Amino acid sequence: MGKPEVITPKHTAKDYKSAVKPVWCPGCGHFGVQSALFRALAYLDLPPQQVAVISGIGCSSRLPNYTACYGFHGVHGRALAVATGLKLARPELTVLTVGGDGDGFSIGGNHFLHACRRNVDMTYIVMDNEVYGMTKGQPSPTTPPDWDSKIAPGGTGINPFLPLAVALASGANFIARGYAGDPNDVARMLVEAIRHPGFSFVQVLSQCITYRPEEKEWKHSVHASPEEPATTMVAAAQRLVGEDSLTTGVLYKGERLSYTAHIHPVQRSLAEIEESFVL
Amino acid sequence: MGKPEVITPKHTAKDYKSAVKPVWCPGCGHFGVQSALFRALAYLDLPPQQVAVISGIGCSSRLPNYTACYGFHGVHGRALAVATGLKLARPELTVLTVGGDGDGFSIGGNHFLHACRRNVDMTYIVMDNEVYGMTKGQPSPTTPPDWDSKIAPGGTGINPFLPLAVALASGANFIARGYAGDPNDVARMLVEAIRHPGFSFVQVLSQCITYRPEEKEWKHSVHASPEEPATTMVAAAQRLVGEDSLTTGVLYKGERLSYTAHIHPVQRSLAEIEESFVL
Amino acid sequence: MNQTIPTAEPITVALMGSGGAGAITAGSLLLEAAGKAGWYGLMTRSVGPQIRGGEALAMVRLAPTPVNGHGDRCDLLLALDWENADRFTDEIFLDADSLIIADTVGEPPPAMLAGGARLVKLPLAQLSKGIPGARPNIIALGLLAGLLGLPNELMASRVAATLGRKGLTSADVAAAIAAGSEAATAIPDPPRLASPAPVNGQRWNISGNEAAALGALQAGVRFAAVYPITPASDLSEWLAVRLQQLGGHLLQAEDEIASINMVLGASYGGVPALTVTSGPGLALMIEALGLAVTAEIPAVVINVMRGGPSTGIPTKSEQADLNIAVYGLHGDAPHLVVAPLSVVDCLPATAWAVQLAEALQCPAIVLSDQLLGQARTICDRPSQPATAEKRLTAAAADRYDRYALTASGVSPMAIPGVPGLQYTAEGLEHSVHGTPSTRARDHLAQLNKRRDKLLQFDYGAAWAESEGEGDTVILTWGSSTAPAREAAAQARAQGLAVKVITLRLLSPTQPTAFAAALAGAGRVLVVEQSHSAQFHAYLRAHYDLPALVSVFNRPGPLPIRPAEVLERLLNWR
Amino acid sequence: MNQTIPTAEPITVALMGSGGAGAITAGSLLLEAAGKAGWYGLMTRSVGPQIRGGEALAMVRLAPTPVNGHGDRCDLLLALDWENADRFTDEIFLDADSLIIADTVGEPPPAMLAGGARLVKLPLAQLSKGIPGARPNIIALGLLAGLLGLPNELMASRVAATLGRKGLTSADVAAAIAAGSEAATAIPDPPRLASPAPVNGQRWNISGNEAAALGALQAGVRFAAVYPITPASDLSEWLAVRLQQLGGHLLQAEDEIASINMVLGASYGGVPALTVTSGPGLALMIEALGLAVTAEIPAVVINVMRGGPSTGIPTKSEQADLNIAVYGLHGDAPHLVVAPLSVVDCLPATAWAVQLAEALQCPAIVLSDQLLGQARTICDRPSQPATAEKRLTAAAADRYDRYALTASGVSPMAIPGVPGLQYTAEGLEHSVHGTPSTRARDHLAQLNKRRDKLLQFDYGAAWAESEGEGDTVILTWGSSTAPAREAAAQARAQGLAVKVITLRLLSPTQPTAFAAALAGAGRVLVVEQSHSAQFHAYLRAHYDLPALVSVFNRPGPLPIRPAEVLERLLNWR
Amino acid sequence: MNTITTLEELLAHAHALESEAVERYEEMAEQMEVHNNPELAELFHKMAAVERKHVDKVEHLAGDNPLLRLAPWEYRWQTQEAPESVPVGHSHYRLTPYHALSLMIACEERAQAFFAEVARATPDSTLRTMAAQMAEEETHHAELLRQWRSRYPEPEPGWEVDLDEPVSQE
Ligand SMILES: Cc1ncc(C[n+]2csc(CCOP(=O)(O)OP(=O)(O)O)c2C)c(N)n1
Ligand SMILES: Cc1ncc(C[n+]2csc(CCOP(=O)(O)OP(=O)(O)O)c2C)c(N)n1
Ligand code: SF4
Ligand code: SF4
Ligand SMILES: [Mg+2]
Ligand SMILES: [Mg+2]
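Protein chains in written order, with the working numbering: chain P, -7 to 271; chain Y, -7 to 271; chain Z, 77 to 649; chain S, 77 to 649; chain F, 3 to 172.
Possibly wrong hints are sitting among the right ones.
[Claimed, not checked] Dumping the calculated BS3-like pairs for lysine-lysine here, alpha-carbon to alpha-carbon at most 30 Å:
id : chain 1 : residue 1 : chain 2 : residue 2
1  : F       : K59       : P       : K208
2  : Z       : K112      : Y       : K142
3  : Y       : K142      : Y       : K9
4  : P       : K208      : P       : K6
5  : P       : K211      : P       : K13
6  : P       : K9        : F       : K48
7  : P       : K6        : P       : K211
8  : S       : K525      : Y       : K9
9  : F       : K48       : P       : K142
10 : P       : K13       : Z       : K525
[Unchecked claim] Just the calculated beta-carbon pair ranges, DEER-fashion:
id : chain 1 : residue 1 : chain 2 : residue 2 : range
11 : P       : E235      : F       : Q80       : 26 to 36 Å
12 : S       : D166      : Z       : T482      : 17 to 27 Å
13 : Z       : S542      : S       : E643      : 36 to 46 Å
14 : Z       : A589      : P       : L271      : 33 to 43 Å
[As the list claims (entries may be wrong)] Output of the computed footprint for chain P on chain Y, the stretches with three or more beta carbons under 8 Å from beta carbons of chain P:
id : stretch
15 : 109 to 119
16 : 155 to 164
Hints are computed from structural coordinates only; laboratory data are not their basis.
Everything numeric in this text was worked out from a predicted model, so none of it was measured.
We put the beta carbon where it would ideally sit given N, CA and C, even for glycine.
Work out the full structure, taking the sequences as your base and the hints as a guide.
Set out below in structure tokens:
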């Protein structure tokens, strides 16, 4: 990492924190993601009013209210669509979408696919706890197939969703995985993700201590990727298909042009358009 | 393929054709897919009443009404969900889902992801013409980014969706690509797909002569894959990411167990369940 | 030229053909040429289930005064061929005064002759053979020019302008038109158009869908996210090009749920935004519309109704999405529903809906329908939106409460980027600040606020349109207005005083204005195009109606006809 | 034991505590023990916004006769602590006759003492310290046993059975209960329960959500696809296990759109199927419900209502999804809406809905709510579904017309697998055969059929429940029934004759039966828990009401109380 | 791991270590407020105040020299976060003072270890002295906390058990 950067930011992490107190269970990994986000924003020195944090529904999706940025706590699974509309309408804002694995990969799966593909310049942070926390512990797409729960006694029997591989196949331009227990590392990824043009996807393993207490063990099992980020889809596919899902780091950095919104400068006035109807 | 099998089927292709006349434009590729399907079913000698053909909305999705099988012409984009419910409720039926690229990859994207992942034993045939035929020629997820249309003048600027790569990343167990201009080849894939356990996905390039007349050129550009199907996800990923999207053949055959529906034999009577409420 | 005396009545011409005969193109050209010549007009079309090469019918009504709907009968049917003509027997009403002109090949279905129409056969195909590039439909246009008294040159110049690109020379066009026009002279006693009045001001040629889109642009919409669906896609397609020109953007989203949520994102960002759809798409947007209500985000959905339920009859019109539009949201979710009442009104009605949505920070549904949206009209230049309501934005403050309780119920809305006003748009029930709350008093305060801002707003006279006076009142909405008005005019001619009230603002309800409008009414006839009389049930639920109420409701796919309404006026039951 | 004379009235005990104090567990155990001892009871709960460690309140009402709702006041509040007790001041009505028992540490919020309640402090935490594994909530249960006259042994055995797993020995439990019970003797003049009547027949301990699920199973449901949502997930979770045991299957789908479409697939396959959701999920299912109407596929949606609009107040009850349930579909889409009117009625009402959906080949929405669904009751064994309507399936035929026009409007439905009956379930408008059609006559025939099959069906007496007789009629539905009936009983005690009519079948409407039920009514009070008086508007739209109608509507999150209704009965306005 | 080589860097680390501790303790105090554990809320607030004093102290030590600020990931902690921050997963709403103090002791011990390692690894004597001094202080803090903790009994196993189920929201 070379010589430490010396920074003199105008903002510190707590400038991004609102007065609303989280309802998250003490010990929830989402606190770590929150810290990481605040640290990343402070590092980037982004004025809070220039940042919009968009979410759906879930414990993780409560984050916008806890930030001092502009926030949007929408409906379940649709955050990426909201964020897309916002970014296209207001390209100068830094648009972050946050949420959970249920919100993003289950009900929100279609928007995930198409946001990756469309490659609008924004960052998507999924706080993945491999469970539905908010609704009392149902399996999510990333839950292991044999995890026993009330709604799927004996396990779902369904192979877990591979968010990073799907993001790659769908066209995401930046793919990383972090661990909520290491907020500084996550902050680093977020800084890179926000700076990288196009659609950046950061999965953060974030333990649900209430429904998945075994996830406390993640601190022993996650491990940083020893490799530099892949830069071609083929190389990345090699890494992301069949990996162990516990490797952290920036895993792919693509070079696709971000969706420009095709927003052209004004070429014609409304009066001219009206003229076209004149007989 | 070795020595030709000698078969004495009770059914011929026309046993699968209904009396309803297709509204498709003469020259539409969907006719080719229809022929291929009838040939495959005849080859498999499946009684028409044991086959259910489920679709959404689109030119392609009109197919069920043209078959003599049980059909379901549902709403736009939801065919895979309908098919999943049907197959779980009636595992002995052969369930085929058919539709277009708009139906399956745009509005239906989430069900596509999760059907691949869930790996219920059925076959999904997408008649991909890289356009919305039924609604007059808007771009679909597979449309090239520079294809000019009324709704996206100058092109969408969005990279095409890679259905096969996404299917692989999401967990489909069988992946093939055919070309509607070669119905016998498609029939072969469909036979394999139907026989293969789990979720089988067959993309068929099927020209829309009305809105994408240039697709007539496909007959010159499609080419059969010289390789045997990949059998591991890593090998398949190598092939499907960054390929030219015109390679036909069975490209991947996985060995994942199909979703068993966890349907256990009856363990308890309703009376016993009621008993549990007695104080 | 023929010598018959032109009638003062509008005349209706049906152009029919199949498999590429070009009936629709001919219809549009007739409309345009007549418009150029000073007539008003309206054209609708009806097609078979095929994507291409299907049977098609263009109905063109022309008159010296504005035309808002079709009448009951067809004066002139021009059949380019008779393939599948059966499909249209329900739509073309021919009587003994009607004239059918057809090619010498083929025979009309008996149903079309049953009314006693006069059939004239002409060798249209034959005539076109001699002229390079000409087709029977161009000959037919010449014929119509001749019959209706449109100058040949005018017709030829319209045809050349439109079809010139397709490889037809001006000389060939002129020859084809002349050939057709010449053939017209052989037809005795054709229907004739009253001469147009001198044209004052601009005339426009516009479809309802284009008008709606233009209205939205006039009201400030600069972002749209849509998903294609019949019969709304042409609106989106028109808009896509113009938004691009105006520096805005239209995005085709992955589905309708994405579209409406993108609209909410853009609007939250301060840019007026809309989406366009039809029944099945509206059904998918319901959840997000509830979010717009709760989080108080302006948003507009133009819903171009088609035959329902489910996929239904996509190419045909029906007024059966009223229920979902006014009642479809879960929870108590007050919002705006505005319905244009004519093709031209699509413009100001949509502009108004955008303004109301912006001013009231609330979603607005514009209930147009296939009949209005896909009809094309020659009309006077539509009026600009009457008002210019805008969004109330927030300025810097010590403490910003996004959902502050104000006298009007409207709270200033902060636009991202402005320092010091950061807040979270919230779909959970919330305090004035926007923090989630489950408290009874917060819930009640916000429910009251969201209701009262709509109820207290002064909608002015635009909430409804009234025509005529009388003890008998027709209550109607949307595309049923034209046949209702035409029936009322006919009833008046027969001595029955009828007033027609059309509601433009369907939600929120306007009980006071309604009572005033209905004051003195002895009896009411409700007219609507739905099977379950949705409009009537809605009126009953929220308004006081006189004791004598009769309901004329009929589902699609056929448009309501003036005669049906007149019959109900004359034989009250 | 104390010597006070037991009252005949039900008594209400509130158990409150925070941060893991176990108030809810204690409430359930109290209910269970009282049930074992022969009482009827009802328990509801109220919680803070935290997932864990939040403040919680269990309200337990016990009586010698069946209990369907809470009353107006709380006899006894047992506060394990006072953290965030403020949240509950709106829900616990304490008056001068109320008794508050609390730990010695902490003070009640002033609002809780305002009514003059007597406060007794006991060292609950202290008492628990001495007993290994014991907690204040177990001491509290002993205390309640002592106060209410429940045998210590019975209470101890319930506690041991439930908490034994958590490492508590029977002896310790017995000691803790005894310690609490002993402490009770120090409290003079406690509220006492009237002795239970001898138990005839079985008593059940069941929640409304469990009852609904069981009803569905009884009516033959063997497939479910769901997506979790509060307050409906516990229904799905209960069902998942039982379907597995019965050889059926419950699948958690990727979203609500998938759930309902999977249900349609299973049902098309011949297996009765349902899904379970709440407002936001229902909003997403609307499009597919329209498909079920058009393609005539039986399907059931249990919608457990919560506070709306949008994400709203998920843990609280409201009756504001009536509009979307009855009117939410686009196009003219007649379907069934059934509402259980008590916790126990969730069983037969849901069973009935399944049967109706099957018999009428139509989607049915069951409108339950959080109050009914998450309440737990001690009740008599619920009755089995009264009828056993089934799907009419098709037998071999020469030509099979799936949508044949029959006298009943119901056409025999072919089940895949049966040879010769292959057809396509169709969401486009269609001919009798199921082939897409845009023809007016096909559309009308199928619209009529889909409407008439619902209208012609004989729903018998189950469409509504009536209680009492009188000139004054309360019209209500769902969970508002209990407070309405309690208010009516109190009014009767004051000499006002009141009849309470609860509609169980909300759609289709039953004008004839309704008119008969209302015959002779002088005035009507409509009671409902919605801000916009949805039920009243619905009644007005479709039924004839007497001239004198008063509406008591109030939104959530607080349940409607009998006193509020009584006040409106006594002070008519 | 590359070590700290300048005084400037040491102060930067000390500053971040203490200020992040303040943030984490405040966060935990809020958690306890929300989850109805007022005793612990007070304790964590108190601890945050103590740490805030430590921040002031570092700022005082730095004098007029502006504090070096590093990117979050550039700090050379031996732990995933700054050593005096309680790791995110270690909170619980039923924590008792005994637990809280144990967590705090662990923080001080990690901080001690951090400074001790800096002292050990540096060839620079000024730096060594200052780091050693800081390590010393952390030892002292830990000791004080241990004394404090001795006033509380060690909670019985099962302290975290909540008889009520978690609540389903939204
Ligand atoms: C349309 C809709 N369906 C379902 C729900 C219920 N719901 C709320 S949060 C949630 C899942 C949350 O899981 P996840 O996104 O993983 O977040 P976590 O709580 O685990 O952080 C669900 C299903 C809802 N609010 N809206
Ligand atoms: C909910 C909904 N949205 C939109 C439509 C309109 N629609 C009908 S078919 C179609 C796209 C068809 O494209 P594709 O699936 O590729 O089929 P193709 O016609 O090309 O075979 C659309 C958008 C609809 N019927 N329902
Ligand atoms: S339930 Fe799980 S995800 Fe939700 S706040 Fe608690 S620990 Fe975090
Ligand atoms: S529009 Fe295209 S896809 Fe549709 S039937 Fe015609 S050729 Fe085929
Ligand atoms: Mg999760
Ligand atoms: Mg297509």
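Check whether the Cα positions of K59 (chain F) and K208 (chain P) lie no farther apart than 30 Å. violated, 35 Å
36 to 46 Å as the expected CB spacing between E643 (chain S) and S542 (chain Z), which holds or is violated: holds, 43 Å
Is it true that the CA of K112 (chain Z) sits at most 30 Å from the CA of K142 (chain Y)? holds, 27 Å
For a C-alpha distance cap of 30 Å, please report whether K6 (chain P) and K211 (chain P) respect it. holds, 26 Å
Taking 26 to 36 Å as the hint, is the beta-carbon distance of E235 (chain P) and Q80 (chain F) inside that range? holds, 28 Å
Residue count check for the stretch 155 to 164 of chain Y against chain P: does it reach three with CB-CB under 8 Å? holds (count 6)
Sort out whether K6 (chain P) lies within 30 Å of K208 (chain P), counting only the CA atoms. holds, 26 Å
For K48 (chain F) and K142 (chain P), compute the direct alpha-carbon distance and say whether it is at most 30 Å. Given that 30 Å is the threshold and the Cα spacing comes to 41 Å, the pair is violated.
Straight-line Cα separation of K9 (chain P) and K48 (chain F) no greater than 30 Å? Distance of about 20 Å is within 30 Å: holds.
Please work out if K13 (chain P) and K525 (chain Z) have their alpha carbons no farther apart than 30 Å. Holds, at roughly 26 Å.
Are K211 (chain P) and K13 (chain P) close enough, with their CA atoms no more than 30 Å apart? The given pair, whose Cα atoms are some 26 Å apart, holds under the 30 Å limit.
Check whether three or more residues of the stretch 109 to 119 of chain Y sit with their beta carbon closer than 8 Å to a beta carbon of chain P. Our answer is that it holds, as 3 residues pass the Cβ test (under 8 Å) against chain P, meeting three.
The structure shown violates the earlier hints numbered 1, 3, 9.
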